[in-house]
Amino acid sequence: MGMGTGVIRGHAITLRRFLLTFWRDARQGRGLKRRGGGHGLLDFFRKPERGSEPTITQDFRTDGLFTVEYPDERLPVYERFRVLPVLVYDTEDGNVRCTSCNICARVCPPQCIWMTQARSPKGTVVPLPEDFYIDMDVCMNCGLCSEYCPFDAIKMDQNFELSNYERHQSHIYGLQDLLVSSEYYAKTHPEAWSSSEEATERGKVAKKKDQRLQKALAAGRSTPAAKPAPQPAKA
Amino acid sequence: MISMGPQHPSTHGVFRLNLRVDGETIIGLKPVMGYMHRNHEKIGERNTFLMNFPFTDRLDYLTSMGNNFGYALAIEQLMGDDARPPERAEYIRVIMAELTRIASHMWSIGFLLNDLGAFFTPALYAIEERELILDLFEWASGSRMMCNYFRFGGVAFDLPKGWIERCRGIVNDRIDRKIDELDRYLSGNEIVLDRCKGVGVLSAEQAINYSAAGPVLRASNVPYDIRRAAPYSIYDRFDFEVITGANGDLYDRYYVRLLEMRESAKILKQAVRDIPEGPILPGKKTYQIKVPAGEAYSRVENPKGELGYYVLADGSGTAYRYHVRSPSFINLTALEAMCLGHTVADVVGILGSIDIVLGEVDR
Chain A
155 MGMGTGVIRG HAITLRRFLL TFWRDARQGR GLKRRGGGHG LLDFFRKPER
205 GSEPTITQDF RTDGLFTVEY PDERLPVYER FRVLPVLVYD TEDGNVRCTS
255 CNICARVCPP QCIWMTQARS PKGTVVPLPE DFYIDMDVCM NCGLCSEYCP
305 FDAIKMDQNF ELSNYERHQS HIYGLQDLLV SSEYYAKTHP EAWSSSEEAT
355 ERGKVAKKKD QRLQKALAAG RSTPAAKPAP QPAKA
Chain B
292 MISMGPQHPS THGVFRLNLR VDGETIIGLK PVMGYMHRNH EKIGERNTFL
342 MNFPFTDRLD YLTSMGNNFG YALAIEQLMG DDARPPERAE YIRVIMAELT
392 RIASHMWSIG FLLNDLGAFF TPALYAIEER ELILDLFEWA SGSRMMCNYF
442 RFGGVAFDLP KGWIERCRGI VNDRIDRKID ELDRYLSGNE IVLDRCKGVG
492 VLSAEQAINY SAAGPVLRAS NVPYDIRRAA PYSIYDRFDF EVITGANGDL
542 YDRYYVRLLE MRESAKILKQ AVRDIPEGPI LPGKKTYQIK VPAGEAYSRV
592 ENPKGELGYY VLADGSGTAY RYHVRSPSFI NLTALEAMCL GHTVADVVGI
642 LGSIDIVLGE VDR
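Chains as they are written, first to last, in our numbering: chain A, 155 to 389; chain B, 292 to 654.
One or more hints might be untrue.
[Said to hold, decoys possible] No more than 27 Å apart at the CA atoms, straight line, and that leaves these computed lysine-lysine pairs for DSS-like:
#: 1; chain 1: B; residue 1: Lys488; chain 2: A; residue 2: Lys361
#: 2; chain 1: A; residue 1: Lys341; chain 2: B; residue 2: Lys576
#: 3; chain 1: B; residue 1: Lys488; chain 2: B; residue 2: Lys321
#: 4; chain 1: A; residue 1: Lys362; chain 2: A; residue 2: Lys201
#: 5; chain 1: A; residue 1: Lys358; chain 2: B; residue 2: Lys557
#: 6; chain 1: A; residue 1: Lys341; chain 2: A; residue 2: Lys369
#: 7; chain 1: B; residue 1: Lys576; chain 2: A; residue 2: Lys362
#: 8; chain 1: A; residue 1: Lys361; chain 2: A; residue 2: Lys276
#: 9; chain 1: B; residue 1: Lys557; chain 2: A; residue 2: Lys362
#: 10; chain 1: B; residue 1: Lys452; chain 2: B; residue 2: Lys575
#: 11; chain 1: B; residue 1: Lys333; chain 2: B; residue 2: Lys581
#: 12; chain 1: B; residue 1: Lys576; chain 2: B; residue 2: Lys452
#: 13; chain 1: A; residue 1: Lys358; chain 2: A; residue 2: Lys341
#: 14; chain 1: B; residue 1: Lys452; chain 2: B; residue 2: Lys557
#: 15; chain 1: B; residue 1: Lys452; chain 2: B; residue 2: Lys560
#: 16; chain 1: B; residue 1: Lys469; chain 2: B; residue 2: Lys557
#: 17; chain 1: B; residue 1: Lys560; chain 2: B; residue 2: Lys469
#: 18; chain 1: A; residue 1: Lys369; chain 2: A; residue 2: Lys358
#: 19; chain 1: B; residue 1: Lys575; chain 2: A; residue 2: Lys358
#: 20; chain 1: A; residue 1: Lys276; chain 2: A; residue 2: Lys362
#: 21; chain 1: B; residue 1: Lys333; chain 2: A; residue 2: Lys341
#: 22; chain 1: B; residue 1: Lys488; chain 2: B; residue 2: Lys469
#: 23; chain 1: B; residue 1: Lys452; chain 2: B; residue 2: Lys469
#: 24; chain 1: B; residue 1: Lys560; chain 2: A; residue 2: Lys361
[Claimed, not checked] Sample of chain A residues lacking proximity to chain B, with all beta carbon distances greater than 12 Å (derived):
#: 25; residue: Val161
#: 26; residue: Asp179
#: 27; residue: Pro263
#: 28; residue: Leu298
#: 29; residue: Ser300
[Claimed, not checked] Not the full set, but computed from the structure, chain A residues with beta-carbon under 10 Å of chain B:
#: 30; residue: Asp213
#: 31; residue: Phe220
#: 32; residue: Tyr224
#: 33; residue: Pro225
#: 34; residue: Leu229
#: 35; residue: Arg234
#: 36; residue: Arg236
#: 37; residue: Ile257
#: 38; residue: Cys262
#: 39; residue: Gln265
#: 40; residue: Asn295
Source of the hints: derived by calculation from the structure; they are not laboratory data.
All C-beta atoms, glycine included, are put in the ideal place defined by N, C-alpha and C.
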């Protein structure tokens, strides 16, 4: 068949797209700058400061290159974006929301959650986790645990930069590694946090849990010798 | 004898072909599978019904929404009226499934060209749209590929604010243009025609006998699409054509996919126009799902072909028997018939045109 119009048309499309990539940058006034570079006119080597990288939203108006120069540029993190589970404690009173009811461990598809329930010195059950482990290498990031947690205690974190030099000890997260404050959760999940369902749920759960905790502690007579309120691992 | 794979770049994963060649000509071909066997079906019998959802994502990892869809339909069939999806959920499901189809076909067309030697330029042009679609998935479900978005009787979350507007933008203003561009770029290209026309022919009779499905079957001029042949969900409401090819060769399989994307765009336009407000689940979200004893087989038209789930429930929390009819695996059985008499270089293209995903072949 040899060379014909199809090949030429193909080249024309490639050329058009090549020019479009420059057109978008020129239109946004960044013709000479490296995308994801610093603020100067000819900033080819400097990087934006950590935490202030520009976020690139790609939607139906995007033309030209679909390249995002991570880590100097970032894609938006959507609220529902899920990586690994975390446990939420309430910032105001330091209460861990988890009551160790074991539902998350039961719905977990790869069965990577296990926990032990706290006990008072008398041996009665306290609705708090004594210990809580998640094997992060087994976790399949499905989010079922957070979906079905009746106490809004386990939530999916959005931190995806988790590379590590070691994987035998540090990838099994204990209670201290998992805890985050409700403040942190409110920041990463603003919509869910402010939604009416979660707000009423929070009120209900707080009340119920407080009652149960008081009852359990009263039964054990002494105050939290069994369980000092865990300190946050991440602020 | 040539052993091609399992680490050959053209096999789209870990898949081995034992070729018997006479010079350059193929005189025998035996696919060797199982390098990525993950025990999906047995794990599905250990899992409770709900827990199996994220595992279905990992069958054909390019089309997780479609896999969820099929599995949800199978269990809903058993549960009956307890899990009848509300109207809005049905629309969301169809939108997700059709977006998946476009993403998957874009991928398949791009990488078919990659297999033919057009190294990555068409592939990257094609998967740009996929990028936008995956962004939509991430926004709605929380994950780009392992969506885990469907639940029995509906979907996991409602669409976030602004989602449907962006989806409308992509569907109405963009996808058609991109498909046109691919069409202009590839369909009349002499090199594509040279490499694809008359290569890997599968006659209609052969295709039916191998029980091929999806674009492979339709390219052989068999107008069989489950969305039309046995409409599930609300597909009977949409206006679309079942695309067929005339010759059953490599070019037809490529072109059927291209035209199918247009039909998907057509369905999507109707769906994003008509989507109603309302609930997304019939009842409250619960992890305790009661599935009565019985057996169910449900099938959906996944981008790769007919994806079927056979579930036998005994009234307990887990399936007694769980089987997946995966289109990639069954389409592969027709590979030898397509390849005989062609050269080794053509095998690469033919394998690309079947569009296999090894996660689904080996399960």
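Okay, the hints, checked on the actual structure:
1. Lys488/B to Lys361/A: Since the Cα atoms of Lys488/B and Lys361/A sit roughly 71 Å apart, the hinted pair is violated (cutoff 27 Å).
2. Lys341/A to Lys576/B: Holds, at about 25 Å.
3. Lys488/B to Lys321/B: It holds: about 24 Å lies between the C-alpha atoms, which stays within 27 Å.
4. Lys362/A to Lys201/A: Violated - the C-alpha atoms of Lys201/A and Lys362/A are around 50 Å apart, more than 27 Å.
5. Lys358/A to Lys557/B: violated, 46 Å
6. Lys341/A to Lys369/A: violated, 33 Å
7. Lys576/B to Lys362/A: holds, 20 Å
8. Lys361/A to Lys276/A: Given that 27 Å is the threshold and the Cα spacing comes to 24 Å, the pair holds.
9. Lys557/B to Lys362/A: violated, 51 Å
10. Lys452/B to Lys575/B: holds, 22 Å
11. Lys333/B to Lys581/B: holds, 20 Å
12. Lys576/B to Lys452/B: holds, 21 Å
13. Lys358/A to Lys341/A: This hinted pair holds, its Cα atoms lying about 22 Å apart.
14. Lys452/B to Lys557/B: holds, 24 Å
15. Lys452/B to Lys560/B: holds, 19 Å
16. Lys469/B to Lys557/B: holds, 14 Å
17. Lys560/B to Lys469/B: holds, 15 Å
18. Lys369/A to Lys358/A: Cα-Cα ~17 Å, so holds.
19. Lys575/B to Lys358/A: holds, 17 Å
20. Lys276/A to Lys362/A: holds, 22 Å
21. Lys333/B to Lys341/A: violated, 41 Å
22. Lys488/B to Lys469/B: Given that 27 Å is the threshold and the Cα spacing comes to 24 Å, the pair holds.
23. Lys452/B to Lys469/B: holds, 26 Å
24. Lys560/B to Lys361/A: The hint is violated at about 47 Å.
25. Val161: Val161/A not clear of chain B: closest Cβ-Cβ about 6 Å, inside 12 Å.
26. Asp179: At about 17 Å from chain B, Asp179/A clears the 12 Å cut-off, so the statement holds.
27. Pro263: Label violated. Min Cβ-Cβ 4 Å, cutoff 12 Å.
28. Leu298: Leu298/A not clear of chain B: closest Cβ-Cβ about 7 Å, inside 12 Å.
29. Ser300: Non-interface label on Ser300/A violated, nearest chain B Cβ at 10 Å vs cutoff 12 Å.
30. Asp213: OK, holds: Asp213/A within 10 Å of chain B, min 6 Å.
31. Phe220: holds, 5 Å
32. Tyr224: It is violated, given that the least Cβ distance between Tyr224/A and chain B is near 14 Å, above 10 Å.
33. Pro225: violated, 18 Å
34. Leu229: Holds: closest Cβ of chain B sits about 8 Å from Leu229/A, inside 10 Å.
35. Arg234: For Arg234/A, the interface hint holds, since the closest Cβ of chain B sits about 4 Å away, which is under 10 Å.
36. Arg236: holds, 4 Å
37. Ile257: holds, 7 Å
38. Cys262: This interface hint holds because 8 Å falls under the 10 Å limit.
39. Gln265: holds, 9 Å
40. Asn295: holds, 7 Å
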